[in-house]
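Enquirer: Listed here are the chains, written in short residue letters.
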Amino acid sequence: MRYLDQKMKQVAEMLNNIQAEDSGDIIYDDIFSGSEIQDLAEHINVNGDDTIVSLSLDGAQLYQNKKSDTWISIWILDNLSPNQRYQKKRVLPGTVIPGPNKPKITDSFFFFFLKAFYYWFIYLL
Amino acid sequence: MPYLYHIPIAHVCTISPHKNDSYTIFLSIQLQDDPDKANVSSDYERSPTAFCDDSDPLQPDSTNGSQATSDFDPDDLDKHEQQDAALQAEQHACAMALRALDQLGSESNTLLEADSDGELDDTPADLSHIENIKFTQEFTEDISTATFENGCLDDDVIHHLHNPCNEPTIISDPNIRLSLDLFLAVTNASKETYHASRNAILLRYPDSGILSYHAVKRLVAQKMGVVAVYNDMCINSCHAFMGPFAQLRFCSICGEARYDVAQAALTGKDIARQQFCTILLGPQLQALQ
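Residue numbers (the working numbering), protein chains in the order written: chain A, 1 to 125; chain B, 1 to 289.
Calculated from the structure, these hints are not laboratory results.
Given the structure is predicted, the values throughout are model-derived calculations rather than measurements.
Using N, Cα and C, we set each Cβ at its ideal position, and we do this for glycine too.
Wrong hints could be hidden among the right ones.
[To be verified] Within a straight-line C-alpha distance of at most 25 Å, the following computed SDA-like cross-link-like pairs (lysine to any residue) qualify:
id, chain 1, residue 1, chain 2, residue 2
1, B, K191, A, L62
2, A, K104, B, K191
3, A, K89, B, H214
[As the list claims (entries may be wrong)] Chain A side only, calculated, beta carbon under 10 Å to chain B, not exhaustive:
id, residue
4, K9
5, G34
6, G48
7, W71
8, L92
9, P93
10, L114
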């Protein structure tokens, strides 16, 4: 779980040294190297104690010869190092949307857990 | 503090513009919320034109289509069915017209992108005139006004969120321990596997108080606090009946009924035809600690 802290410091150091001549190449090896999350981290002041999750949604056909698409979303805990976070036992289930059609307005399905998430924030603050 | 929910809002905003189907949404909601338009047949022709561009080539066709359907209503249909048919015809017409609008070019898309960035900081009351953005705004506004009281969470869940377990759970009862071990051992198998194993144990040791499947499942949920919550959705997976759609009784895209008519006749209760399952993230993260 210390991965987030270490990685953020490493990336910050790399970005600080970007002007130096002997800085070498910048390595892009995780989502924390990306500008989006770096900007956000600067904005909301992320530190190593925070929890960062990614949401992933995709459809899966459950039976080979049957129209049986089910859309499953999962949470990936980004505080773990990349070789741990995608392991089956560390991936958290999010939403299961039964098919067989694909969801047309995906936001409306995400709405509920975003709202529940917000309750949780209110409580924690 | 405001930035804590910046992440979900930004997320919702950025994925929406890529969903072209979303154009068809708002129009339908406005029509459904307006009972006059659903009731009076002479309004059918007007309602699509009220929202669509005059240059739309498909529009006359689709308007005719809705008229044809409404003329078809025979007298033996009761009023309720008439409304439904009218509503469906109208929605179909609007969807057709808007789909044609969609194809008009990429101009609207770029406009949409620009607006979604610009309006992120706007006050929620200032709703966009672009359906797609307005929809997202309604979602974000609903989320940001959320409290435990106006939500749709069970009391048990809220209680557990308020009082997370701070110490390791100790299971001293050997019967409960046996039930939990069995439950976890067959977690990849079917429910029947648990039943069969439990029956086998009960046959040999009738006095062992091994729990039933539902009891052990409830026990695990209680110990961990991780629960699944079920919400209504359209039977064709168009959208969930949440946020701006929460009060609707028919899908705003395909017009399918939200509740099972046969069940309502039998029990008098509204039972959803299709539900989706959400496993809340908060309790899961709490259980990780």
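Enquirer: Each hint needs a verdict: does it hold in this structure or not?
Expert: Hint check results:
This hinted pair checks out: K191/B and L62/A have alpha carbons roughly 18 Å apart, not beyond 25 Å. Distance restraint check for K104/A and K191/B: the Cα-Cα separation of roughly 32 Å exceeds the 25 Å cut-off, and the hinted pair is therefore not satisfied. Proximity of K89/A to H214/B is assessed by CA-CA distance (about 23 Å); at most 25 Å being required, the pair is judged to hold. This hint is violated: K9/A has a C-beta 21 Å from the nearest C-beta of chain B, more than the 10 Å allowed.
A distance limit of 10 Å between C-beta atoms decides the matter here; for G34/A the minimum to chain B is near 14 Å, and the interface restraint is violated. Given hint, G48/A at the interface with chain B, is violated; its Cβ is 15 Å from that chain's nearest Cβ, farther than 10 Å. For the restraint placing W71/A at the interface with chain B, the shortest Cβ-Cβ distance is roughly 8 Å, inside the 10 Å limit, so the hint holds. Taken as an interface hint, L92/A checks out: its beta carbon lies about 5 Å from the nearest beta carbon of chain B, inside 10 Å.
Evaluation of the P93/A hint against chain B yields a held restraint, the C-beta minimum of about 5 Å falling below 10 Å. Look at L114/A: its Cβ gets to within about 4 Å of chain B, closer than 10 Å, so that hint holds up.
Of the numbered hints stated above, those contradicted by the structure are hints 2, 4, 5 and 6, listed in ascending order.
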